[in-house]
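Chemist: Here is what each chain is made of, one letter per residue.
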Amino acid sequence: MPGTTLTKPEASSSQQYPASNGANKKTKGVSYSKWGYFFIAPFFLAFAVFSLVPLISTFYNSFFENYWVGLTQVGPRFVGLQNYSTLFSDGDLAAYAGNTAIIWLMGFLPQIIFSLLLAVWFTDLRLHLRAAGFFKTVIYLPNLIMAAAFSMLFFTLFSDSGPVNSILLSMGMESPYRFLANVWSTRGLVALMNFLMWYGNTTILLMAAILGIDTALFEAAEIDGATAFESFRKITLPLIRPILVYVLITSLIGGIQMFDVPQILTNGNGNPNRTSLTLVMYLNKHLFSENVGMAGAVSVLLFVVSAVLSVIVYFSIREKKQPKGGAGK
Amino acid sequence: MKSFQKATAALLASLMLVSSAGCGSNTTPASSAAPAGSSAPAANTDSAKTLRIYGWNTEFQDRFNTYFKDAGKLPEGINVEWVITPNENNAYQNKLDADLKAQDSAADKIDIFLIEADYALKYVDSDYTLDVKGDVGLTDDDLKDQYQYTKDIATDSNGKLKAVSWQATPGLFAYRRSIAKDILGSDDPAKVQQALSDWDKFNAVAKTAADKGYKMLSGYDDSYRTFANNITSPWVDANDTIHIDPIMMKWVDQTKEFTDKNYNNKTSLWAPEWGADQGPNGKVFGFFYSTWGINFTLLGNSLATPVAEGGKAEVGNGVYGDYAVCQGPANYYWGGSWICGAKGSDNVDLVRDVMKTLTCDAATMKKITEDTEDFTNNQTAMGELAKSDYKSAFLGGQNHIALFAEAAPKINMKNISKYDQGMTEEFQKAFKDYFDGNVTKDQALDNFYKAIIEKYPNLKRAS
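Protein chains in written order, with the numbering used here: chain W, 246 to 574; chain Y, 10 to 472.
These are calculated hints, taken from the structure and not from any lab test. Don't be surprised by glycine CBs; every beta carbon is placed ideally from N, CA and C. Be aware that a few hints might be false.
Claimed, not checked - Each pair of labels, with its calculated beta carbon distance range:
id : chain 1 : residue 1 : chain 2 : residue 2 : range
1  : Y       : D207      : W       : T317      : 39 to 47 Å
2  : W       : Y277      : Y       : N88       : 54 to 62 Å
3  : W       : V550      : Y       : P315      : 43 to 51 Å
Unchecked claim - Some, not all, of what chain Y presents toward chain W, calculated at C-beta under 7 Å:
id : residue
4  : S135
5  : D380
6  : N447
7  : K464
Next up, chain W with everything else stripped away, as it sits in the complex (with noise of 0.2 Å):
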């Protein structure tokens, strides 16, 4: 035990000596910096043509009148406002809105806690689990099945007669259990799969979070006396807290942008009443008429709640931790 904490420090140490000699040697020479612009402007280039472009041109069609009926168009037309106040008008944005925040937090709150847990335990110098790799690669193994495919055999799984109900029948239940006829056995259908395709993502992206933080401070927190939980909440939470908040955005986009499993779960109704129809699938439905305003509409307003969630949860987790780190110091 005392060999792995003193080693660490060593390397890191002499890790830095090369590192620092290196850059003294650098700034002597001549400015490589313009190929330091050279050499990332390949991703610039792509943003500009596949992701600016787009975002533009939405916002512009979002003020238009156009789609098509049949095989006639009707429009382009400016229309100003118009489609952001139908949409507000129609008042089913926000359902569809509260919808995706319902499904996503069922699927974020066990992902995190489990997530947690399962890294904890994966990093815990005292539990030393055996074959960590062989489980940490088959947690990961839901997120390599395509989200559709996933989505596509749970509705096999849990139709009126599949091997679900076939199982709660012969269990002794007298008619089979219908699914995806009731609100809350859908919607947790979809952030079950949510959770299953995320949790082994984010344990690993947690691991790599506690790996990071150094083991003296465990050492030193078990030596004073302090419980696994107390080491868990006053060490490892407040260091990782970057990661969980890298974690909670990525989640939150994702959330905002889920899709694909509720389409195909629901085939793209988001049965029952509409009530696991998110705000994606909403954008979708425009797209049967090509109307280019409505969906333009919905994905500017996408973008707008996207781009403030960001902010603000960035914002109020880093402001907390900065006062707290320089008190500490």
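Following the hints, position chain Y against chain W.
Modeler: Chain Y in isolation, oriented as in the chain W frame:
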């Protein structure tokens, strides 16, 4: 250490060069060869030698291959290219629309595409279809034997015929003989028809069936078309306002009653459970099916061992032979495929030959019916078969062509609109929630309006 790093870097760099050079030499000739081969002048001759056909399943392909190509009617040197896109989620129409819009500039022009009754008007009322008489060159004499309703559907607002069909699709009620004996005491089509001749009687039989442990129908959508085909005004009026015909609400009320009283099995059309209800383990009395549904879908579903798994379509395999048909409580039709000539086709003569052979030639059409039990669009040929001793083994020896021939002229197509497909899909979907007990009738209606206006933004709710 340093020299090792340098060596690695050099190795990687040279690898990149080699691989990029490799890519270059691979792609350049290929990409330059393709345009050279299909450049402007060459493309025209290629396209004229290719008959390009768009469809959503292989039904027409089978007919075409058997009765046109294999019958030696395809000219030498003509290559037939099939573009088959499944109907699911509108995929077929999306593909077809995109390619039709690009028809003018396309190297391979679409020559023929198929359409269904539910959305026929969308294409019939557009400039993308050729006039069957004016452009393609069929005569009134060629078309005289076709059932009038098949021509009504495909006639545009200027009175031009834009598509022709090789089949007519009157609908009947297909019931299980064994169950009929149990609940009605007879499996004779005439007697069963007497017991089911209107909706009140139909509901009474449903109760008897339920009392004996059977289901009258399989699911929610089974009787939909028997109501929807008898609407008294089109779904959408001249001001783009949606009208829900009172008869549609009768379907809603009947289906709700059937669901609440357990007269049906709560399935949806085309769901696996629905198919299973038609098979050996099914407890369902009957299904509303039109012509193709009986020889294509119902027959397949009735077998215990599917043909694909080595089963034979014969008595003894599942419930083959246990079905029979009667007219049922209302006249209706379901489905049917029409052949359109695409505007801009460079094979118009060939399109005419295909249309003439498959939809006007009495001998070919009679043979199709004899071979496949499909009901073809030729009044003379069908009249002959109706009077003959033609028998369907699948229907326990019944001559169902006689019933179809009687039902086909009664079909009324006055009230179709180009929105019918969307209306049908969304009406069934919206009221599924009501039948499941998740929403009230008003909420379901509201959801229907929402969904339909998403699909067709130009439409308005009835105020």
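Chemist: For each hint, tell me whether it holds in the structure or not.
Modeler: Tested hints:
Checked against the hint of 39 to 47 Å, the pair D207(Y) and T317(W) passes, with Cβ atoms roughly 41 Å apart. Taking 54 to 62 Å as the suggested C-beta distance range, the pair Y277(W) and N88(Y) conforms, at roughly 60 Å. Checked against the given bound of 43 to 51 Å, the beta carbons of V550(W) and P315(Y), roughly 50 Å apart, stay inside it. Look at S135(Y): its Cβ gets to within about 4 Å of chain W, closer than 7 Å, so that hint holds up.
Nearest Cβ of chain W to the Cβ of D380(Y): about 35 Å, over the 7 Å cut. The hint is violated. At about 4 Å, the closest approach between the beta carbon of N447(Y) and any beta carbon in chain W falls short of 7 Å, and the interface hint on this residue holds. The beta carbon of K464(Y) is positioned within 7 Å of a beta carbon in chain W (closest approach about 5 Å), and the interface hint is therefore held.
When each numbered hint is compared with the structure, a violation occurs for hint 5 only.
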